[in-house]
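Student: The residues making up each chain are set out below.
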Amino acid sequence: MSRDGRAGDGLRLKIEPLRCICCGLCETVCSLHRDSVITPMASSIILHVDDKANYFGLVLKTKSEGLLMARPEGVSSGQQASGSGGPGAKPILLREACDLCGGEVRCVKICPARCITVVD
Amino acid sequence: MYLRSNRVGIFDLSSNESSEQELGDEANWDRLSALYIADKLASEHGTDSLVLGTGVLTSSFVPAACAGIVRGSPGKNGDPRVMPLLGFAGVELKLSGFDFIVLKGASESPGYVWIRDGIVEFVESEEMKKKDSWARTDKIRADQGDNKIQVLSNGPWGDSVNPASQLVTDYWGGEDKSGLGADLGRKNLLAIAFRGMGELELSEPEGHLQDSMVLMAEHIQRLGKNEGLASYSKALEREDFKKLLHRNIACYGCPFPCRSFLKTSEPANEMKLVANEPGYLHYDIPALEKAFALGFDAMDATMALMKCARAGAEPVTVLSYAAELSAKVKMSSVAEVLSDLSKVSQGRAVGNFELSFDDRAQYRSCLGLGLCPRYWSKVGYDEAAVTPYGEAALGLSSHSK
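Residue numbers (our numbering), protein chains in the order written: chain D, 336 to 455; chain B, 2 to 402.
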């Protein structure tokens, strides 16, 4: 595993936002990896939800590509994040970048919609 | 204590004073039910208390561990009236720093209870009383600066203590089939808001996670293709419903979403954030079935349920009264019922999530643990099979399977 969040063989996370069902498991399992507790506050991946409009997607903090924003209308990277939600929530800029869990990527394993995959 | 904060927040609305008590370490699986604990707290603090709480498994990795509860005062038959808290409300409540909240007495002034970071406070708001349930959620989120705040919002029907009221969770109806809006109305409560930014420990985090993922994989294999809410009701297998369907959305931890968002004011396939209020999130099966039985199409059924949610009125009751007003029910007759609360003097709802189980004890067991009754009735709820997952996460046993 390299220090930029990619595995040595160049692996990275791919998100297909329209597959997302907004279950929130990726957020929680990421925090479990970080701090061994259940909370959405320590995750490198954040579920962004505008529930009144049923608009939801994921924001991933990476080491090599900045912020990966998987919005329903498309995926982009390197722009300012949204999705931390509120003054009390931990902003994504203060969170750790994804380290691919050291090889066995938990959000990929737990995602029931196969929205998150590891690609080369 | 694992999977619990071990704190009960008590707020006396009459005196505006808060206090706390420990939940107590009852390491007995039978006594971990949120419903059991809520009953116990109500008997301790007064049966007119409103008790909010979460199950021991709520927010865990067991599939569909999303549920909390709200327990109101007893109904006519003497049983407490209960609604499930689904979506992300159960999880946000559990991470708010409290396992249970007890709201006693009644406030002199209208306002809402605001719960987060282990704090319970009452926020006075005369202005909010003029608003419908949607506008109350909007205002609380704007005032507190956080879009992830969960709001149990009352509407004019609940304010006026109508037994056919319904509390809506954020914007959506379907969970409260017990008229709990009237309980808030009696307390001069316009809403209850909470946000979860805390954390919970697990006894065996890795074991719990691995076992839960195995269980979920087994479920996914058995469940087959997901059709959103139509997976749970044949009456929704309609072309007009499909035509308006935007996306299906899950509650926390659920691999088989049953909440279907229908767009009414923009094309269903619009994926950008354009309209502020583009449609309505359906998970109230009896209300939709009632609307379709009365001849509504998917658009009108959606509009009718949306209007009921905004008013804080229970839609099965409203539609039943509308049917009494005229042989051919139209949107105008729904509007007529909603505009005159004096027309409706009793609730007629038959339940929603309660109907998932034929056996009431099974329903209570499932909900009491913090599991979604609709999902678990679909995959086959078996308390004995679920128990090892919970016991291991709680440290009551060393191996979950």
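These are calculated hints, taken from the structure and not from any lab test.
Incorrect hints may have been included.
Claimed, not checked - Under the rule of at most 30 Å between Cα atoms (straight-line distance), these lysine-lysine pairs were calculated in the BS3-like manner:
1. Lys308(B) - Lys444(D)
2. Lys243(B) - Lys349(D)
3. Lys425(D) - Lys140(B)
4. Lys140(B) - Lys444(D)
Unchecked claim - To list a few chain D residues with every Cβ distance to chain B over 12 Å, as calculated:
5. Leu346
6. Arg347
7. Glu362
8. Leu428
It should be emphasised that the depicted structure is a prediction, and the values quoted were computed from it without experimental measurement.
Idealized CB from N, CA, C, for every residue including glycine.
Student: Taking the hints in turn, state whether each one holds.
Tutor: Verification of the hints:
1. A C-alpha spacing of about 40 Å is found between Lys308(B) and Lys444(D), which places the hinted pair above 30 Å, so the restraint is violated.
2. Distance hint between Lys243(B) and Lys349(D) is fulfilled; the C-alpha atoms sit about 29 Å from each other, no more than 30 Å.
3. A hinted pair counts as satisfied when its Cα atoms are at most 30 Å apart, and Lys425(D) with Lys140(B) qualifies at roughly 22 Å.
4. For the proposed pair Lys140(B) and Lys444(D), the alpha carbon gap of about 38 Å is over 30 Å, so the pair is violated.
5. With a cut of 12 Å on Cβ distances, Leu346(D) stays outside the contact zone with chain B, its closest approach being about 20 Å.
6. For Arg347(D), the requirement that its beta carbon stay farther than 12 Å from each beta carbon of chain B is met, with the minimum near 22 Å.
7. In this structure Glu362(D) is not separated from chain B by more than 12 Å, as the shortest Cβ-Cβ distance comes to only about 10 Å.
8. The claim that Leu428(D) lies off the interface holds: its Cβ sits roughly 17 Å from the closest Cβ of chain B, which is beyond the 12 Å cut-off.
Consistency with the previously given hints fails for numbers 1, 4, 7, ordered from lowest to highest.
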